[in-house]
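4 protein chains.
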Amino acid sequence: MDKVKVAILGGSGYTAVELIKILLRHPGAEIVAITSRQDEHIADLHPSLFGRLDLRCELFDPDKLQAMGARVAFGCLPHGTSMESIPLLLDRGIRVIDLSADYRLRDSRVYQEWYKESHHDAANLAHAVYGLPEIYGDRIDSAKLVANPGCYPQTAILGLAPLVANELIELTGIVVDSKSGVSGAGRTPKLTYHYPECNENFAAYAVGTHRHTPEIEQALSDVAGKPVSVVFTPHLVPMDRGIFSTIYATPTQPVTEAGLTDLYRSYYAGKPFVRVRTGFPATKDTTGTNFLDLAVKVVRGGKVVVLAAEDNLIRGASGVAVQNFNRMFGFDERTGLL
Amino acid sequence: MDKVKVAILGGSGYTAVELIKILLRHPGAEIVAITSRQDEHIADLHPSLFGRLDLRCELFDPDKLQAMGARVAFGCLPHGTSMESIPLLLDRGIRVIDLSADYRLRDSRVYQEWYKESHHDAANLAHAVYGLPEIYGDRIDSAKLVANPGCYPQTAILGLAPLVANELIELTGIVVDSKSGVSGAGRTPKLTYHYPECNENFAAYAVGTHRHTPEIEQALSDVAGKPVSVVFTPHLVPMDRGIFSTIYATPTQPVTEAGLTDLYRSYYAGKPFVRVRTGFPATKDTTGTNFLDLAVKVVRGGKVVVLAAEDNLIRGASGVAVQNFNRMFGFDERTGLL
Amino acid sequence: MDKVKVAILGGSGYTAVELIKILLRHPGAEIVAITSRQDEHIADLHPSLFGRLDLRCELFDPDKLQAMGARVAFGCLPHGTSMESIPLLLDRGIRVIDLSADYRLRDSRVYQEWYKESHHDAANLAHAVYGLPEIYGDRIDSAKLVANPGCYPQTAILGLAPLVANELIELTGIVVDSKSGVSGAGRTPKLTYHYPECNENFAAYAVGTHRHTPEIEQALSDVAGKPVSVVFTPHLVPMDRGIFSTIYATPTQPVTEAGLTDLYRSYYAGKPFVRVRTGFPATKDTTGTNFLDLAVKVVRGGKVVVLAAEDNLIRGASGVAVQNFNRMFGFDERTGLL
Amino acid sequence: MDKVKVAILGGSGYTAVELIKILLRHPGAEIVAITSRQDEHIADLHPSLFGRLDLRCELFDPDKLQAMGARVAFGCLPHGTSMESIPLLLDRGIRVIDLSADYRLRDSRVYQEWYKESHHDAANLAHAVYGLPEIYGDRIDSAKLVANPGCYPQTAILGLAPLVANELIELTGIVVDSKSGVSGAGRTPKLTYHYPECNENFAAYAVGTHRHTPEIEQALSDVAGKPVSVVFTPHLVPMDRGIFSTIYATPTQPVTEAGLTDLYRSYYAGKPFVRVRTGFPATKDTTGTNFLDLAVKVVRGGKVVVLAAEDNLIRGASGVAVQNFNRMFGFDERTGLL
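Protein chains in written order, with the working numbering: chain A, 101 to 438; chain B, 101 to 438; chain C, 101 to 438; chain D, 101 to 438.
Check before you lean on any hint, since a few could be wrong.
Note: identical chains are not told apart, hence a pair may lie in one copy or across any two.
Said to hold, decoys possible - Using 20 Å as the maximum straight-line C-alpha spacing, the simulated EDC-like pairs for lysine to aspartate or glutamate come out as follows:
hint	residue 1	residue 2
1	K164	E234
2	K371	D154
3	K403	E270
4	K244	D221
5	K326	D139
6	K290	E433
Derived from the structure by calculation, the hints contain no laboratory data. Bear in mind that the values here come from a model prediction, so they are computed numbers and not experimental data.
If we strip away everything but chain A, and leave its shape as in the complex, we get (with noise of 0.2 Å):
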């Protein structure tokens, strides 16, 4: 079969190159161009892909890309700038897996509330599928453009979703307190990621107010057919990567630690990345996977608490969205991924 050949939309960050490593041992998959306004060698802008692979970025040029026979396209752009160069690769026929957040947010009001900016990619917006495999599985396989989901997202909806499909727990006041691993905020150097400012240093940030509050709600309220609402606190925690995500909920009727247990087994059986976990969660476990490990506990008091691990540039970036492309172009959800 031939491989399917890949474009690359911006290639000098985190994601894009965990994106290129998953793509090299993929043998479904060809990169047959990165993209980027920095004029170099792959291997100059990430040292690690000496020797690995011989492509120099070029600008963004849709005919181009098309020229090449590219069948999809990586968006690996920030949030605003995702929607300039999406919707002319759509028109050229080239599928699109967006690791932005523009195509996230169904409601492109919400999206301004919380980005700040206007959208303007409505047509593309009203078929975006947003890709957590888990969830949305079967949409994902015939859509034209998947919105990747977020870092931060994944281990809530997907720690939330069997309590809240089955009406288990008050659908608001959800707390959701998360932790990070620097790479989490990207490549450009800030004070704040600065080695010395971050290191050996436990910090909340944008308490109330981050962006993925509104995408984590979206997901749990079509999982739960009505409105779900959470109070998302993130930390940045001195590692390269990895997410925690600890999770206090109020059941509405009696459970139990094993009943609930088990309901995450069935909820997510056959699902290959999901592991419901005896005993722990840890980031270090996940780290270099696709997996999303999660455990349940009912605590004194009664509370819920889910604990949710991932490594945020795999599950939560690059390898999900490998799996969406697997699912696109018909590959088993694992290859390249185990």
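Following the hints, complete the assembly by docking chains B, C and D onto the known chain A.
Leaving out everything else, chains B, C and D in the frame of chain A:
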């Protein structure tokens, strides 16, 4: 003025070495003895003390400590062991600041429930004072036995005290999501704290079962004048030091962020080690100091979120112990600490 | 083609878990048994393997391994223990790739001098092949027993081979200053590797006495055809993985940086895992890979400085073991590794 | 006694904040002004100072500093900028301790060669004293301008001084292999120091070209009374603080480890901040202190290996600056530092 002669019980751990470093800078304290089962020079146990303190550890001998003129002993022993040694010192008129958990819980049944062993020093438990100066200040001054507070509890108690004192929040279902550097686990090597296991890793532990829970509830119930209960989840952060707690509470009446911040400022007026911060606290701002930094936020949906940060070894243990020492021996509370 | 049935001896450590992860991706290998004194499921020893390999560790039983059809065993046992088990496998026709030090030093007196115990398998020592494919390639293909090379030695040997092969440097007094991540010390908890001890710390150890010294000298003497001696100093770096060696040599004739770089490029032409880098190597560029990155510099005063970087667990142990496996069983050298 | 009024030039970086913290504990110093191009409260630049120092940064105005009664200024400006400001202070009778490199190299041609810009304050360069108290002690006491030594050079100079003073080693070809925590690179964000780039990474930089090379050679040549040359290689360690240097020298006569250790002990007798260690130094033993720890080894093959460790921000910059201040203003050398 003569210096106060001080003994340290259990010199091999992290709280001991921090205490020694603070006391070496303290103009009114003189370390006359350090006990340990390890018959070694203190600088062999703690190489950072090389050339700074010429003292050999000795076996615990209460008569000898009395003969040396020790007026106070800092207990850096494990819980369980502490209550074996401390009565022998109190009997000899030596005041004690105990950094273990043995005298923190007033009700010995609660101790037994959480620590899984019976308490066998009811006599001294009856008069021990919980050594959190901002709450129990005056009682500490004249105490014979001070139960130095736990590291996590200080963030939760001081983080919530202004709210529960004024009954501004519901007193049950409060969520305390805490994160600690690895030194909080002590100095005994175990796989969990082996560098390649906990570095680049983030995980929860003791979910719903951590022994600091009843300590938090006891102090907050004192402040509130009625029972307070919390859901407490500790996590391990890959860094040496620092505790950060993110606390979620439900207000019982309309509140504003500005109003609550003012309340915190006035509640802690005159308390030199509690800083009600502008902006967000971060553990690194407190590293090596006795400060406990706080901020209070009101988020979308109405929840109150309190952020608290401290150095777990200084404010969380040895620093607050010296703060207690200062009160007990008539020094300015800040001596040796600022 | 049938997969090659593989056994792993000693499944509890870091080299074992890395080996398992590589072999799970290898299309031509099947893990049929993992031995350990710990009678546990492999995923309980290594939670990252949860759901990925359903195998319980078993006690070492050479007859059983033979009955299972194991054609090769990877030895992840400590030195000393290795030479107890390995002869029993060789006797049964099972080839062995030994990751311990037991068969690396050809002269058993040298072994005794550095490892402080006598060698008692002279018979197999006589035919063991040192498993550094770039130097001993052909001999590995048909070897019954491969002594997988040490982590530090690979950086020194491959870093210096082009120079000593061409007698461009003085063969005594070479300085090898090496720095290793903490996983190189293994998985057994000790105070030195307790997180709060080695985090935020940098120190030398085993100055002038490290056991990898004779291994470096033996291989370089093979390459030179005459005795080579080095001063080797290892250091511990607060990171999980990676070895970086800075090597100082005195040229015996005028050399230029460009000329030496060309020499290195041609010396390693066709060796897929040695990358002669432009710019400076860095351990992070090799993390998770089997690459060994090199650069050669000529500095003020005329000294040659060689920089070498690798992942100590992959290239330094389990990756090169699979590279050896590939050679021994007729696979492309890169299989499972790129 | 009146406190000495002190100004700090350039308040935004790491050396400034460390200096402020030391001076806040110093009984004989009072910070009257901090200059910066950033018109901000010092606690907004350095949140750890919140509540500890109520001072707003101001633009550099030498007349104003004179009018305030500043008797000394600590220069925390970048090199190049320093020599613009400092003459204006010296003209007004304000003594200066300059933490930049501008007055360290006595020969302005050497400055130009290594710093790639011409020196334009020959007048003050002529009388500047290199501020390494253990070597240039008496000259510092009366100096108007002290050139505070570089972080790396102190480890090399103090590590080698006893050997070169007694001509026990060859004076050329000495290898200084140094490793530094990331704070040594300053506080300006750059990709190299972006957390996910330098965390879990180890690499060399500026091989053979680092600007501290001539500074090391100048001081060691002073000690030897004849030219000394070194090969100096700096490396970046993923930790906040600490420098460790491993130094390789060739003895000119038979030496023993015990003999050399005695020599070091007597050479540094009476120097409170140089600790000739038993065992191996480690950076962590010096963190937060002004100590420089040394050990000397004689290894197989006869080479002398010196190990040196310090805190790069304290001993390597702000601590030794206060040590110089103490000498200049008649305080005990240890004041504020122990």
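Going through the hints against the structure:
1. K164 with E234: Neither, since 34 Å and 42 Å both go past 20 Å.
2. K371 with D154: For K371 and D154, the Cα distance is within 20 Å only across copies (17 Å; inside one copy 35 Å).
3. K403 with E270: both (11 Å within a copy, 15 Å between copies)
4. K244 with D221: within (14 Å within a copy, 65 Å between copies)
5. K326 with D139: So K326 and D139 fail the 20 Å test inside a copy (48 Å) and across (49 Å) alike.
6. K290 with E433: neither (37 Å within a copy, 38 Å between copies)
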